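**Student:** The task is simple: from the sequences and hints, build the whole structure.
2 protein chains.
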Amino acid sequence: MNERGYQLLQETIERLLRRNAYVHLNKVLKKTHPADIAHLLTLLNERSARSVFENLPEKEIAANVLSELEPGFRSGFLQELEINRLAEILAVMADDDAADLLADLPEERRQEILNLLSAEHTEEFSELLAYPEGTAGRIMTTDFLVLPKSLSAQSAILEVRKAAEKEMVFYLYVTDEEGRLSGVLSLRQLVTAPDYTPLEKIMTRDVVKVNVTTDQEEVARLVSRYNLLAIPVVDHSNLLVGIITVDDVIDVLREEATEDMLKMAGTSGEEISYSSVWRNARARLPWLFASWIGGLIAMNIIGAFSGGFSGRIAVFAILATFIPVVNGMGGNVGTQSLSIMVRGLATGRVDGKSIGREVFRELRVGLLLGATYGVLLALAGMAFTRDVHVGLVAGIAICANMALAAMMGTFLPLIAAKFKVDPAVASGPFIASSIDALGSTIFFLTAYFLIN
Amino acid sequence: MNERGYQLLQETIERLLRRNAYVHLNKVLKKTHPADIAHLLTLLNERSARSVFENLPEKEIAANVLSELEPGFRSGFLQELEINRLAEILAVMADDDAADLLADLPEERRQEILNLLSAEHTEEFSELLAYPEGTAGRIMTTDFLVLPKSLSAQSAILEVRKAAEKEMVFYLYVTDEEGRLSGVLSLRQLVTAPDYTPLEKIMTRDVVKVNVTTDQEEVARLVSRYNLLAIPVVDHSNLLVGIITVDDVIDVLREEATEDMLKMAGTSGEEISYSSVWRNARARLPWLFASWIGGLIAMNIIGAFSGGFSGRIAVFAILATFIPVVNGMGGNVGTQSLSIMVRGLATGRVDGKSIGREVFRELRVGLLLGATYGVLLALAGMAFTRDVHVGLVAGIAICANMALAAMMGTFLPLIAAKFKVDPAVASGPFIASSIDALGSTIFFLTAYFLIN
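Just so you know, the protein sequences line up as chains A and B, in that order.
Residue 34 is where the first sequence starts when you use our numbering, and the numbers rise one by one after that.
Residue 34 is where the second sequence starts when you use our numbering, and the numbers rise one by one after that.
Treat the hints with care, since some could be wrong.
Distance condition first, Cα-Cα at most 25 Å in a straight line; then the derived PhoX-like pairs of lysine-lysine [as the list claims (entries may be wrong)]:
{"no.": "1", "chain 1": "A", "residue 1": "Lys-234", "chain 2": "A", "residue 2": "Lys-195"}
{"no.": "2", "chain 1": "B", "residue 1": "Lys-92", "chain 2": "B", "residue 2": "Lys-195"}
{"no.": "3", "chain 1": "B", "residue 1": "Lys-386", "chain 2": "A", "residue 2": "Lys-242"}
{"no.": "4", "chain 1": "B", "residue 1": "Lys-182", "chain 2": "A", "residue 2": "Lys-64"}
{"no.": "5", "chain 1": "A", "residue 1": "Lys-234", "chain 2": "B", "residue 2": "Lys-60"}
{"no.": "6", "chain 1": "A", "residue 1": "Lys-92", "chain 2": "A", "residue 2": "Lys-182"}
{"no.": "7", "chain 1": "A", "residue 1": "Lys-242", "chain 2": "B", "residue 2": "Lys-60"}
{"no.": "8", "chain 1": "A", "residue 1": "Lys-182", "chain 2": "A", "residue 2": "Lys-242"}
{"no.": "9", "chain 1": "B", "residue 1": "Lys-453", "chain 2": "A", "residue 2": "Lys-63"}
{"no.": "10", "chain 1": "B", "residue 1": "Lys-64", "chain 2": "B", "residue 2": "Lys-92"}
{"no.": "11", "chain 1": "A", "residue 1": "Lys-64", "chain 2": "B", "residue 2": "Lys-453"}
{"no.": "12", "chain 1": "B", "residue 1": "Lys-453", "chain 2": "B", "residue 2": "Lys-386"}
{"no.": "13", "chain 1": "B", "residue 1": "Lys-64", "chain 2": "A", "residue 2": "Lys-182"}
{"no.": "14", "chain 1": "B", "residue 1": "Lys-60", "chain 2": "B", "residue 2": "Lys-92"}
{"no.": "15", "chain 1": "B", "residue 1": "Lys-182", "chain 2": "B", "residue 2": "Lys-242"}
{"no.": "16", "chain 1": "B", "residue 1": "Lys-63", "chain 2": "A", "residue 2": "Lys-60"}
{"no.": "17", "chain 1": "A", "residue 1": "Lys-386", "chain 2": "A", "residue 2": "Lys-453"}
{"no.": "18", "chain 1": "A", "residue 1": "Lys-234", "chain 2": "B", "residue 2": "Lys-386"}
{"no.": "19", "chain 1": "A", "residue 1": "Lys-195", "chain 2": "A", "residue 2": "Lys-92"}
{"no.": "20", "chain 1": "A", "residue 1": "Lys-63", "chain 2": "B", "residue 2": "Lys-242"}
{"no.": "21", "chain 1": "B", "residue 1": "Lys-234", "chain 2": "B", "residue 2": "Lys-182"}
{"no.": "22", "chain 1": "A", "residue 1": "Lys-195", "chain 2": "B", "residue 2": "Lys-63"}
{"no.": "23", "chain 1": "B", "residue 1": "Lys-63", "chain 2": "A", "residue 2": "Lys-242"}
{"no.": "24", "chain 1": "A", "residue 1": "Lys-60", "chain 2": "A", "residue 2": "Lys-92"}
{"no.": "25", "chain 1": "A", "residue 1": "Lys-64", "chain 2": "B", "residue 2": "Lys-64"}
{"no.": "26", "chain 1": "A", "residue 1": "Lys-234", "chain 2": "B", "residue 2": "Lys-195"}
{"no.": "27", "chain 1": "A", "residue 1": "Lys-195", "chain 2": "A", "residue 2": "Lys-182"}
{"no.": "28", "chain 1": "A", "residue 1": "Lys-182", "chain 2": "A", "residue 2": "Lys-234"}
{"no.": "29", "chain 1": "B", "residue 1": "Lys-234", "chain 2": "B", "residue 2": "Lys-195"}
{"no.": "30", "chain 1": "B", "residue 1": "Lys-64", "chain 2": "A", "residue 2": "Lys-234"}
{"no.": "31", "chain 1": "A", "residue 1": "Lys-60", "chain 2": "B", "residue 2": "Lys-453"}
{"no.": "32", "chain 1": "A", "residue 1": "Lys-64", "chain 2": "A", "residue 2": "Lys-242"}
If you're looking for bench data, these hints aren't it; they were derived computationally from the structure.
All of these numbers come straight from a predicted model, not from anything done at the bench.
**Tutor:** Pasting the structure below:
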């Protein structure tokens with residue numbers, strides 16, 4: 034459905050709600066894809082969204098709608114739902130989606146719901162929830178088809194026919210007697226094999242797999258690199274415990290890209306734009322603190338230098354007009370380098386191994402850029418102030434500042450990655466404000482020696 | 034393969050190359066996944082990479098390696114390859130990958146290669162290349178299985194067995210007599226259906242499809258929203274002309290995320306880090322120009338105000354120390370808003386419809402953040418300068434600046450999206466330098482009225 038389609042759907046739904054035409058509403062919802070209903074909910078106001086959700090024709094549809102809701106919107110929406118209804122829906126949901134949803138709830142509410150569920154479900158969800166967030170164990174489904182390696186191709190096809198309820202089947206994982214992963218075959222390999230061949234003769238033995246503790250970003254990298262539709266998850270003794278399908282990998286890729294982009298810009302990694310203005314501001318406030326501290330430091334450095342110029346305060350005043358361009362250009366070069374590295378780390382193009390090489394490379398890029406704009410600023414400075422010294426100082430400072438910024442923007446995320454620290458510590462606001470403080474120092478120090 | 038695995042592989046390959054042990058090298062390469070060879074090439078120096086590529090055991094493997102190379106690395110690598118070899122490899126490559134690769138070559142070289150290929154290939158590739166970059170037509174493959182709707186389930190299974198060479202088969206697209214798309218069925222639906230049922234009785238008629246001209250980002254959104262493994266591509270008369278598989282969608286998602294992140298930081302959208310220092314700098318230079326212009330404008334504004342303070346230049350000098358914190362905080366809030374919007378547009382969470390609502394929302398967030406840091410800066414300013422007026426001016430200015438920045442960071446990408454302009458016009462450097470110029474004006478204007 035496209036934008037126009039959603040608009041029409043929204044208008045229809047709102048009209049039906051106004052008229053209390055629930056029978057008709059029910060029919061419309063039945064014909065709409067759960068993913069579209071999920072998107073529709075974010076377009077409606079709170080009350081209408083709840084009404085629509087309460088009028089979904091079946092628990093199964095409600096389960097699919099909840100699975101497809103944007104994570105940023107879902108947390109708020111879940112709080113509004115009645116706990117018994119939520120438990121009923123969870124009972125029919127895919128186990129990985131259910132665990133993901135439960136993880137979103139406050140501890141107390143989660144416990145209440147688990148108490149309402151059958152022992153089997155509780156155990157299943159609790160097992161998945163036991164794996165830390167962001168691991169393969171947390172996003173895998175345990176509901177999948179396994180075939181013993183001695184089975185014939187023909188019997189395997191019968192098994193596939195019976196297993197219509199399982200997750201999308203396209204790879205069939207084959208295990209030995211102990212349940213250890215021993216091979217894989219595609220549905221096509223199976224249907225194209227002679228009837229009585231045992232699976233172990235047709236399966237591929239070299240399976241790309243991950244461990245329950247593997248980071249979900251690594252899972253996404255593997256699936257993307259090897260163009261897989263699913264990847265099996267094993268525990269420490271190679272027992273097959275779950276699979277992760279490509280649709281979940283796409284969600285991971287999107288979430289991680291969102292997280293990287295937002296963190297780099299200095300806001301908390303989750304999408305906060307569905308939450309209230311107040312919560313939105315609260316999520317962004319602490320990230321601005323780095324910038325604030327940097328600004329205060331820069332303020333004190335400049336203040337200290339202004340003392341050094343006490344005899345020639347007019348010269349200081351002229352120099353001060355250069356602060357935005359010197360700091361701004363530094364900040365931007367730093368952000369460029371930072372983005373290139375953060376994205377390179379995410380796609381696996383850059384690793385923690387070659388820090389020296391990358392930093393040296395970016396230093397040269399920074400110097401090239403700095404030299405270019407240094408000459409320009411020196412000329413512009415001389416033209417505007419009619420003072421050769423001031424122009425020279427500004428040119429030298431901007432060049433040094435841009436080279437330094439390129440180095441910092443490269444070094445900080447790489448060193449963070451090397452020590453397995455979230456590269457977000459080197460987020461944009463931190464880089465920019467460090468450059469503000471360092472850049473001001475470089476600028477006025479150069480001025481102090483060349484002019485004063 | 035993990036990082037350690039690649040390191041070992043690299044060492045082995047380099048040792049074999051030093052010893053000219055080509056037979057052994059050949060064996061090692063034969064056992065390595067093409068995607069791993071593709072990654073290995075980026076780790077080796079230029080000469081070794083070329084040697085490895087020339088020693089690949091089969092054309093098919095070379096074709097897969099080229100398909101898996103990172104776009105940023107590939108352009109440079111392709112220039113080194115001998116043209117006859119490249120033509121041979123293209124002839125065995127999947128048509129969508131071949132078209133993608135040809136598009137990467139300079140016009141002249143592309144024409145030379147097309148001349149070397151058979152008429153059939155030339156026609157196929159030229160057709161795909163005729164679709165503009167970034168459209169569904171450009172990334173689709175035309176090599177896929179189509180079944181007529183009157184076929185029985187049993188005969189369809191035979192067709193699938195024969196079509197082992199086609200792209201991964203999991204959805205089977207069903208057409209009418211004229212070749213128009215009329216339905217879809219999964220391989221599982223097929224194997225679980227009674228033998229003599231015609232496909233039109235078991236197929237799903239409501240197919241999610243795209244047009245040849247649909248934007249690839251829209252394709253990715255649909256595949257991701259409906260959890261599809263492939264999506265059919267039709268032309269203007271609903272003739273089925275191609276399919277796009279989920280692995281290509283993953284590539285699109287990764288490329289688009291990279292592009293958004295890099296453009297937002299103000300560098301050209303492609304990964305430039307494989308290219309030379311010189312080319313890297315050249316790609317970044319123009320994006321910094323926005324920042325440069327903004328800086329010069331800010332410089333002149335501040336310079337003009339310093340004239341207004343001519344009698345009390347010491348006050349101006351004190352005020353100047355606040356420039357980094359006032360501008361820096363504004364720039365950061367602006368970048369936060371910008372990132373939230375750019376990402377929201379990419380994931381489809383935000384659309385061009387509700388500009389007013391989003392801007393008003395962000396204005397309130399900006400005012401909240403600005404008020405908080407305004408009070409802090411007013412207090413800090415009073416403490417540092419022992420001047421109530423200066424503190425007050427700084428506090429008011431930072432608050433106004435942050436609110437304005439939040440609005441600009443929201444408005445510019447949304448208005449760009451509304452008018453189908455690349456939101457990159459509202460990239461980080463542009464926002465930051467606009468804030469520098471506007472922020473300085475607000476600050477000194479407030480000072481001018483409250484202090485002077």
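**Student:** Would you mind marking each hint as holding or not holding in the structure?
**Tutor:** Here is what the structure says about each hint:
no. : hint                  : result
1   : A/Lys-234 - A/Lys-195 : holds, 23 Å
2   : B/Lys-92 - B/Lys-195  : holds, 23 Å
3   : B/Lys-386 - A/Lys-242 : violated, 44 Å
4   : B/Lys-182 - A/Lys-64  : holds, 24 Å
5   : A/Lys-234 - B/Lys-60  : holds, 23 Å
6   : A/Lys-92 - A/Lys-182  : violated, 37 Å
7   : A/Lys-242 - B/Lys-60  : holds, 24 Å
8   : A/Lys-182 - A/Lys-242 : holds, 18 Å
9   : B/Lys-453 - A/Lys-63  : violated, 34 Å
10  : B/Lys-64 - B/Lys-92   : holds, 15 Å
11  : A/Lys-64 - B/Lys-453  : violated, 32 Å
12  : B/Lys-453 - B/Lys-386 : holds, 13 Å
13  : B/Lys-64 - A/Lys-182  : holds, 24 Å
14  : B/Lys-60 - B/Lys-92   : holds, 15 Å
15  : B/Lys-182 - B/Lys-242 : holds, 18 Å
16  : B/Lys-63 - A/Lys-60   : violated, 57 Å
17  : A/Lys-386 - A/Lys-453 : holds, 13 Å
18  : A/Lys-234 - B/Lys-386 : violated, 57 Å
19  : A/Lys-195 - A/Lys-92  : holds, 23 Å
20  : A/Lys-63 - B/Lys-242  : holds, 21 Å
21  : B/Lys-234 - B/Lys-182 : holds, 9 Å
22  : A/Lys-195 - B/Lys-63  : violated, 38 Å
23  : B/Lys-63 - A/Lys-242  : holds, 21 Å
24  : A/Lys-60 - A/Lys-92   : holds, 15 Å
25  : A/Lys-64 - B/Lys-64   : violated, 50 Å
26  : A/Lys-234 - B/Lys-195 : holds, 20 Å
27  : A/Lys-195 - A/Lys-182 : holds, 18 Å
28  : A/Lys-182 - A/Lys-234 : holds, 9 Å
29  : B/Lys-234 - B/Lys-195 : holds, 23 Å
30  : B/Lys-64 - A/Lys-234  : holds, 19 Å
31  : A/Lys-60 - B/Lys-453  : violated, 36 Å
32  : A/Lys-64 - A/Lys-242  : violated, 38 Å
Checked against the numbered hints given earlier, the structure breaks hints 3, 6, 9, 11, 16, 18, 22, 25, 31 and 32 and satisfies all the rest.
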